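Given chain A, work out where chain B should sit, using these hints.
Those protein sequences? They're chains A and B, same order as listed.
Residue 549 is where the first sequence starts when you use the working numbering, and the numbers rise one by one after that.
Residue 549 is where the second sequence starts when you use the working numbering, and the numbers rise one by one after that.
All the given hints hold, so there is nothing to weed out.
Remember, identical chains collapse to one label, so a pair may be satisfied in a single copy or spanning two.
Straight-line Cα separation of at most 20 Å, SDA-like style, residue types lysine to any residue; simulated pairs:
#	residue 1	residue 2
1	580	715
2	658	644
3	648	662
4	621	689
5	580	713
6	621	696
No wet-lab data here; the hints were simulated from the structure.
For clarity, every value in this text was computed on a predicted model and none was experimentally measured.
Number of protein chains: 2
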Amino acid sequence: MTDIISSMRPEIENELMHQVSRLDEEHSLPFKEMLTYHLGWTGEGAGEEATGKRIRPLLLLLTTATCGTDWKKALPAAAAVELVHNFSLVHDDIQDNSPKRRGRPTVWVKWGSPLAINVGDALFVLSNLAMTDLASDFPTDRVLESVRILQQTCLDLTRGQYLDMSFEDRTDVKVEDYWMMVAGKTASLLSASCHIGAILGNADESTVEAYRSFGHFLGLAFQVQDDILGIWGDENVTGKSAASDLIERKKTLPVLAGLGKQGPFAEFWNNVPITPDNVEEAAKLLASESAYTYTHDIAKQMTDLAINSIREADPQGEAGDALMDLADRLLHRTT
Amino acid sequence: MTDIISSMRPEIENELMHQVSRLDEEHSLPFKEMLTYHLGWTGEGAGEEATGKRIRPLLLLLTTATCGTDWKKALPAAAAVELVHNFSLVHDDIQDNSPKRRGRPTVWVKWGSPLAINVGDALFVLSNLAMTDLASDFPTDRVLESVRILQQTCLDLTRGQYLDMSFEDRTDVKVEDYWMMVAGKTASLLSASCHIGAILGNADESTVEAYRSFGHFLGLAFQVQDDILGIWGDENVTGKSAASDLIERKKTLPVLAGLGKQGPFAEFWNNVPITPDNVEEAAKLLASESAYTYTHDIAKQMTDLAINSIREADPQGEAGDALMDLADRLLHRTT
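Bound-form chain A, shown alone (with noise of 0.2 Å):
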């Protein structure tokens, strides 16, 4: 980890902490603690490995910092965007019946689901009013520019969300479906980190184009990516049970490119209910057909894209290189 990214992950728990404490009141306190636990300041399990990466606000400030400007004054967007990854996980372990986040019981299995959602509810709340803190260091149009921003990405991540709870009545899901359901998902909200970062960096408008772009692509080769560590990804490094995906019939890009083949593994995935006793078969029926090599391949066009962009951005400084460190690690991590 270099210098100026340790420099910021306390301050970002700080912004954080700052944040969540419009919750500090005697009646809501109980309540306040729901949203502590789910960040990972309390509560069993509490700690580093329970917090998350906290990669878009390191995204987002360093991205400010490389375009020359002092990366604290960014602090509130970069507590809004981790408020929104954080609002999302919550509903969304809901909607998926996730029992566990980060080795933790879920929100919604503590506490059940009507709390849950409201938790949810109030982490966007929370993202909403940090937005509305920049305007102390900030000129007001630009703020505003980045909660349109921010905003826009929220509704695609609803309209992703509906799109992959759509998906698992479908039989008819195609590729395309993937990319649109990933752009909403995953990416829209690691490109409006850079985005925003650049936006309050104030950079030129080829650097912001720059800078979302290799924020969406970053999203679309990180989601790839995980597709493949979901189905061929080795066991003792990722953490999770291999193949685990395919177990839960997600419609993940290897899937979908396999079913396209209309070969052996569709045949499979559509008459053999797949269980941790023939999911290796399954995995390798599907690599077979070319899939783990497709996959693989689009992983590495979306990372080129990403490159591309950053390269296009031209980052400078400490900040520079350690957002390209950054860049190169979530590219080419193996868990």
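Chain B in isolation, oriented as in the chain A frame:
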């Protein structure tokens, strides 16, 4: 209905449709349909009965108009407060397990909770995007101030919602807890509607404060009346079975007042399940312990405070008359 309100109503619907049209995209049309169903425009039972009264946008527009500003410019804010209201209703219906809303099956009943959570989220996002549209007609600092007011209100809503849910399992709820919950759940958004209307109308500070305060007390009076109607309302007039709040064991103001007496009503409440057969007895018992007159007096006090505030604001012109008229109808309702 006065002339100015008749001309506002269709414009409010148009603006809402314009805001919701952000979901016009082939792939998200079935999702958009869920929002338009909830807003009363599509699906079985669509029509005036299903749209709700649009009280919040009317209050906002009338306030702006009476300050001498063209109310049409404030339409995006009017849509925004109505969208926030509906976002909270959709989530509330899931949280309360409510099967019906405005006489029709609720969104979660029709499409399941996971999608309904997403519908509420999208309504909230659309509200936030609507607010950014104000920038084309108002100075950005006034837009940001309005955004801040609305988001602070949304935080009050989630806090009020938390308190409401926590009351269900608590046996120690006091009258002061009730006020805190109602201030968040009901009064805050009515207050924000008037407050934002006055800010956009560029009213002076004391007038802004008078409108804000009017909305606040209007909300409290409205809720206390609702509590009375929910126990002693005329079934033939309210359209819902009288005393249903007692059967649902809602901790309304009259109930909390009655429980505070620790007399025969408290005894009944704590030991006998309230059913359609004994609910009339329970309502009479509650009235005999002065809970009816107590609550009625409080409703009168809140109404007086609301009227004092609006008199202080001194609304002018046709919009002013219409606002006084609307306030009067809301404060002396029987349904």
